[in-house]
Structure formats: structure tokens, C-alpha cells
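Asks: Start from chain A and add chain B according to the hints.
Chain residues, written in single-letter form:
Protein chains: 2
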Amino acid sequence: MASSEIETLTQALARLPGLGPRSARRAVLHLIKRRETALEPLLKALGVVSETLATCSVCGNVDTTDPCGVCADPRRDGRSICVVEEVADLWALERSRLFPGKFHVLGGRLSALDGVRPEDLTIDSLIRRVEAGGIDEVVLAMNATLEGQTTAHYVAERIERFPVRVTQLAHGLPVGGELDYLDEGTLAQALRARRPLG
Amino acid sequence: MASSEIETLTQALARLPGLGPRSARRAVLHLIKRRETALEPLLKALGVVSETLATCSVCGNVDTTDPCGVCADPRRDGRSICVVEEVADLWALERSRLFPGKFHVLGGRLSALDGVRPEDLTIDSLIRRVEAGGIDEVVLAMNATLEGQTTAHYVAERIERFPVRVTQLAHGLPVGGELDYLDEGTLAQALRARRPLG
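If you're matching them up, the sequences are chains A and B in order. Sequential numbering of the first sequence, starting at -1, is according to our numbering. Sequential numbering of the second sequence, starting at -1, is according to our numbering.
These aren't lab readings, by the way, just hints derived from the structure by calculation. Since the model is a prediction, treat every value here as computed from it, not as a measurement. Please note that the accuracy of each hint is not assured.
With a straight-line cut-off of 27 Å between C-alpha atoms, the simulated DSS-like cross-links for lysine-lysine are [stated by the list, open to error]: (1) LYS42(A) <-> LYS31(B); (2) LYS42(A) <-> LYS31(A); (3) LYS31(A) <-> LYS42(B); (4) LYS42(A) <-> LYS42(B).
Just chain A, with the same shape it has in the complex (with noise of 0.2 Å):
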């Protein structure tokens, strides 16, 4: 059927995810159909990303600049740090465009079960930063799993004798969630950090 050639690239594009063997040939016939306008200009992108790809040696970010765009911004606020467990998350988080600090990306999560250990993570480099003065706030930002929160608990240790606020993101209800269709452990949650009302 097809060339060796077109078989690589349709192999390449099903290994990304959301990609299976079918739509990846869907997508190759696609790019093949649209060469000026859809193969050239992703063939440009990728090379430019490709020659430009950087690991931001400050947060961890991924850019295409060192230190990356967050870190280099000068109107972001210094003096809190954000830590996310991953760069997704770290992304997510700027989508909403809620956080106007900076970021520490620790690269995963503890896990006894993975094997991964603090020292697999970017703590060492975060106490570094948080010694280095000048923060105020960290906000501990990881995943609302058993091992994100052990790292939270984990990382919230190692600053302890620093003077700096810890804090972590609220968990509860998420919005437009109906109590009905929630697990307990949401509920137990919600209700055991419940507030006054406004």
C-alpha cells in the first residue's frame, strides 16, 4: 500500500496520545492532501521546536527559551512560587491565568510503589530557591492523588524552617459538582473543611 516512508511517519504519529493506527493514517492522508498547508508549516513547527527546546534551568518549565518565558517575565510576581508535579500542570494553571507568581515543576510525584524518591525530584533545587530569599508564599499545587498529597506533606516539611507561608490548593466541590455523583472522599473533604458562610 504505502511506501516505507509514508508507514514510518504514520507509526510516529500513532505512538502521540489520542492517536491510534487509524486515525494517524486518517491524519497522514490528511498532511499528504495539504502539503503547503497543513505538512509544511507542522514539518516547520516541529524543527523550530525541535533546535529551540529547552528545560528552563530555574522552575523546570519547558520553553523554548532558558530561563523560560514564565520566569523571565518581569510583571510576574517573584515572591510566590507555585509547585505543580509536572509541566501539563504547570501549563494548565497558566491557562487560567489565575496565578501571577512563578512556578517549580518537580518533574513527578513520590511514589514507594514507581520507586521515585525525593531526590528523583527537583526539591533540592526548590529549598535552594526558597533559601536564596526574597519569597514570601509557596502554594503547593499538586494533584489531589495519595502520592500528590504525600509530596505536598513531603515538600511542606523540608520548608518548614524557612520564613515562608506554605500553603496548598483548596480541595472540595468542584464547580457545578452535585453531591449526589461525588465520591466520599471529595465529600468527607468538603465538609470537613467547610466555612463560614460569606
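Replies: Below, chain B without anything else, positioned relative to chain A:
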């Protein structure tokens, strides 16, 4: 959040069929985290295809060689030509490995609505292939849609004057199809084309 280069790549990926803005972002993160094993292979495969992509001057297939792999294969039976609407249809038939002959890609279907006329398709080039001789059978494998069938009839009429057998894919119940769930058109077709039992 991400630099404009990464944003450009996300948008290029989001335009692929089967990917939206959200899954394109996930794909970009996947590529960025796996630079050696995902980004570079995809970049290379795209580059090779972009450089070598060619439309077969014989049958209209898209491949990295001209004539394409199917036309150049000496083991294929050049006496039968299977006529399809699109390259995707040729690939679908090739995946089934059921047709041992060669192909002809029309590049679309006749459509009064979309203003597609016979001269917009590669019908003349098909006629020239038939005229050149050495062909016993032309298999019409257009889609079982109104426009596909109109196209099939038009092509059949044009080939009529040559001494070749013109056949068409059978229409009827799909394998595993339950009468109860099939549309009336398919049922009518299957009934009309009923055959004596083995």
C-alpha cells in the same frame, strides 16, 4: 505559558483530523518530554515524506515514488484496474490485501452540488489506460453513495465501447449486519441482488 513556537506547533497539530486543541496540547507535551524517542523520529519521518512525496503519474496514488509502489510492483496483475474515488479508498482496499490488480484514483466524485465535473476527475486518464489495451476488467469501487454511484455509472458509460469487463463492488448486508438495524436502502439493495443459495 508556552512560547509562541510551542503554540504554533500545538496549532499545527490541532488541525489534524482526530486531534483538537486539548489533545494537541497533550501531544506536544508528549513530544517535548520524549525528545529523542518521539519528537526527533516524527520530525525525521515528516521531513522524508515531505521531500519525497509524489502523486503517481499512472494511477493517481500518493507515494514517495513515481510510479507508486503498487504500479511498479511486477507481481500485481496489470489486467485489472480497480477505480476508486480517493487515495484513502485505495489504501483501505490495500489493507485488506484482497485485490491483486492495479488501481486508478479519480480524485473525487461527480457532484452537481459541489460543482465537480468529469474534467475535474482523472477519468480521461483512465480512458487512456483502457485504450492503451492489455486490460481485461475494470472494477468500479466507488462509495455506495448517490454521488459515488452517479460517478460509477458515468465511468461505466465511458468505458462501454472498449472490450473490457466492467464490474462493481457488491452492495448488500454488511458482514455482521442485523436486518433490524439496517436502513431501507441497504435492505432494498440486498433483496434486489439476492442470489441462489450456494
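Asks: If a hint holds in the structure, say so; if it does not, say that too.
Replies: These are the hints, each one checked on the structure:
1. LYS42(A) <-> LYS31(B): holds, 19 Å
2. LYS42(A) <-> LYS31(A): holds, 17 Å
3. LYS31(A) <-> LYS42(B): holds, 19 Å
4. LYS42(A) <-> LYS42(B): holds, 12 Å
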